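S.K.: The listed protein sequences derive, respectively, from chains C and R.
Heads up, the first sequence is in numbering that gives the first Met the number 0, so the first residue is 0 and it goes up one at a time.
Heads up, the second sequence is in numbering that gives the first Met the number 0, so the first residue is 0 and it goes up one at a time.
Rather than coming from a laboratory, the hints here were simulated on the basis of the structure.
Do not rely on the hints blindly, as some may be mistaken.
Identical copies look the same in the list; a pair holds intra-copy or inter-copy alike.
Stated by the list, open to error - Result set (DSBU-like, lysine-lysine): computed pairs, CA atoms no more than 30 angstroms apart in a straight line:
{"hint": "1", "residue 1": "LYS55", "residue 2": "LYS147"}
{"hint": "2", "residue 1": "LYS4", "residue 2": "LYS55"}
{"hint": "3", "residue 1": "LYS4", "residue 2": "LYS129"}
{"hint": "4", "residue 1": "LYS107", "residue 2": "LYS81"}
{"hint": "5", "residue 1": "LYS129", "residue 2": "LYS109"}
{"hint": "6", "residue 1": "LYS81", "residue 2": "LYS130"}
Values in this document were obtained by computation on a predicted structure and should not be read as measured data.
Protein chains: 2
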Amino acid sequence: MTTNKTFVFDVYGTLFDVHSIGKACETYFPGKGESISETWRQKQIQYTFLRQAMGKYAPFSEVTRDALRFAADLHGRPLSLKEEDRLLEAYQSLSLFPESLEVLSHLKEKGHTLIIFSNGDPLMLHPLLKKAQITNYIDHILSVDTVKQYKPTPAAYHLILDTIEEPRSDIVFLSSNGWDISGAKAFGFTTAWINRSAQPVEGLHQPPHYEYSTLNPLPTW
Amino acid sequence: MTTNKTFVFDVYGTLFDVHSIGKACETYFPGKGESISETWRQKQIQYTFLRQAMGKYAPFSEVTRDALRFAADLHGRPLSLKEEDRLLEAYQSLSLFPESLEVLSHLKEKGHTLIIFSNGDPLMLHPLLKKAQITNYIDHILSVDTVKQYKPTPAAYHLILDTIEEPRSDIVFLSSNGWDISGAKAFGFTTAWINRSAQPVEGLHQPPHYEYSTLNPLPTW
Numbered sequence: 000m001t002t003n004k005t006f007v008f009d010v011y012g013t014l015f016d017v018h019s020i021g022k023a024c025e026t027y028f029p030g031k032g033e034s035i036s037e038t039w040r041q042k043q044i045q046y047t048f049l050r051q052a053m054g055k056y057a058p059f060s061e062v063t064r065d066a067l068r069f070a071a072d073l074h075g076r077p078l079s080l081k082e083e084d085r086l087l088e089a090y091q092s093l094s095l096f097p098e099s100l101e102v103l104s105h106l107k108e109k110g111h112t113l114i115i116f117s118n119g120d121p122l123m124l125h126p127l128l129k130k131a132q133i134t135n136y137i138d139h140i141l142s143v144d145t146v147k148q149y150k151p152t153p154a155a156y157h158l159i160l161d162t163i164e165e166p167r168s169d170i171v172f173l174s175s176n177g178w179d180i181s182g183a184k185a186f187g188f189t190t191a192w193i194n195r196s197a198q199p200v201e202g203l204h205q206p207p208h209y210e211y212s213t214l215n216p217l218p219t220w
Numbered sequence: 000m001t002t003n004k005t006f007v008f009d010v011y012g013t014l015f016d017v018h019s020i021g022k023a024c025e026t027y028f029p030g031k032g033e034s035i036s037e038t039w040r041q042k043q044i045q046y047t048f049l050r051q052a053m054g055k056y057a058p059f060s061e062v063t064r065d066a067l068r069f070a071a072d073l074h075g076r077p078l079s080l081k082e083e084d085r086l087l088e089a090y091q092s093l094s095l096f097p098e099s100l101e102v103l104s105h106l107k108e109k110g111h112t113l114i115i116f117s118n119g120d121p122l123m124l125h126p127l128l129k130k131a132q133i134t135n136y137i138d139h140i141l142s143v144d145t146v147k148q149y150k151p152t153p154a155a156y157h158l159i160l161d162t163i164e165e166p167r168s169d170i171v172f173l174s175s176n177g178w179d180i181s182g183a184k185a186f187g188f189t190t191a192w193i194n195r196s197a198q199p200v201e202g203l204h205q206p207p208h209y210e211y212s213t214l215n216p217l218p219t220w
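So that you can see chain C by itself, here it is in the shape it has in the complex (with noise of 0.2 angstroms):
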C-alpha cells in the first residue's frame, strides 16, 4: 500500500514570510515599515479579488507594485520609481518561515509529490524559490498566471489538476490565508489551515478539514 500524497503549498504566507519584507520597509518609513508591510499586504491581495471581479487581470507584479503605491501614498510619503523597485527587489529575497525547509526535505523524504502553487507570476516567483534553496524539494511549480485567473476562482484551482491527474480530495492543499482555504475547500481539495496568526475561520462557510499554527505537524502525516 502506498502512502504517498500530493501536498500543494501556498508561497506568500505559508512558506514565506510576507512581513519580513517590514526591514526593508524601515528604510525608506523610519518606525513604520510594519505599518507599511501590512498595508502593502492587505491591498495587495485586496487588488488580486477586486480586479478578479473586474475582468482586469494584471500579472501579480504589478499588482504588488501597485499596492505598494497605495500604502506609501496612504503614509504620505510617495516613493520615486527607483526606491519601488528596491522594495520589490527585497520582495525576492522573503523569508522562509523557521520550519519551511524541514518540512519540505522531510516530506520529500518519503515520496510525496510537492507542488508549490501562487498567485505570483513567474518574475517574481522563480527568483524567490531560487534564493530560497528550495526548488530541489519541489515537483510542480504553478502560477495562476497561466490561466490570468486569481485565486480562489475554481479556474485557479483547477490549474492542479491539469497538472497531476488524481481526485481532488486526495490533493491535500495548504495555506495560511483563510480565504485561500475556503476556496480550496469549496473546489473540493483536502484542505490543511496553517492558521499563523491564530484568526477565526472565515464566514464563508467552507471551514478547514485540519488546522494547524505551524507547517510542522505535516511530515507525521
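Following the hints, position chain R against chain C.
M.R.: Below, chain R without anything else, positioned relative to chain C:
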C-alpha cells in the same frame, strides 16, 4: 437645452454612515464598538469579493451576518443568534450622512433622475431607505441581487443600463468606496468619488473624474 442628468448613488458608506452601527455594537462589546464596526465592514466587503471569485453568491444580508460573526469571533465574544439578529436589525437604521437628505432633495427639485444602486439585497435595503424617508426622492432602487453578481463586476454595473437608456458616460456614478469608483470608471460611467476618509486613489489605474469629501458640491453641477 436640458441639463437633466442621471445620478447613481451607492448606499453603504455613501448616503449612509455604516459606522453609525458602532453605537449598537457597544451594547455587546463595551469599549470596542468602533473596532467591531470596522472589522464588520471590512469583512462584509471582502466576503462579497471572495464569493464573487468563488462563484458562490449569497445575498448581502447573509454576507453581512457572516461578517458580523467573524468580527465577534475575532474579538473573542461570540454572539447568540438573537444578539446577531438585533445588530442586523440595527443595520436597517443606519444614520444618513448629515448632507445626504438635502442633496437628494435639491437634485430631485432640479429634475434630475436619481438612482440607488447597492450590493444590498431588497430584504435589508428597502427597510433602510424607508426608515430614512428618502424613497420619495429616488426614481429607481436597484440591487445587485437581481443579477447575483457583486460590484465591481461589469455585470452588476450593467443593471443600470438595463434600467435607463443613456450613454454610460452621461451617467454620474457616486460612491465613497474607492474600489467601487474604479469599477464604475472601468465600466465607462462618469465617476465622482466621495472620499469621506481622505484615502489615496486605489491602485487600480482607474482614477475618478471628480473627487469630493462630501456630497455637498453636487447640487451646483
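S.K.: Confirm or reject each hint.
M.R.: How the hints compare with the structure:
1. LYS55 <-> LYS147: The answer is both: 10 angstroms in one copy and 20 angstroms across copies each meet 30 angstroms.
2. LYS4 <-> LYS55: between (36 angstroms within a copy, 29 angstroms between copies)
3. LYS4 <-> LYS129: within (24 angstroms within a copy, 57 angstroms between copies)
4. LYS107 <-> LYS81: neither (40 angstroms within a copy, 50 angstroms between copies)
5. LYS129 <-> LYS109: Within one copy only: 22 angstroms inside a chain, 64 angstroms across chains, cut-off 30 angstroms.
6. LYS81 <-> LYS130: For LYS81 and LYS130, only the intra-copy Cα distance (22 angstroms) is at most 30 angstroms; the inter-copy one is 53 angstroms.
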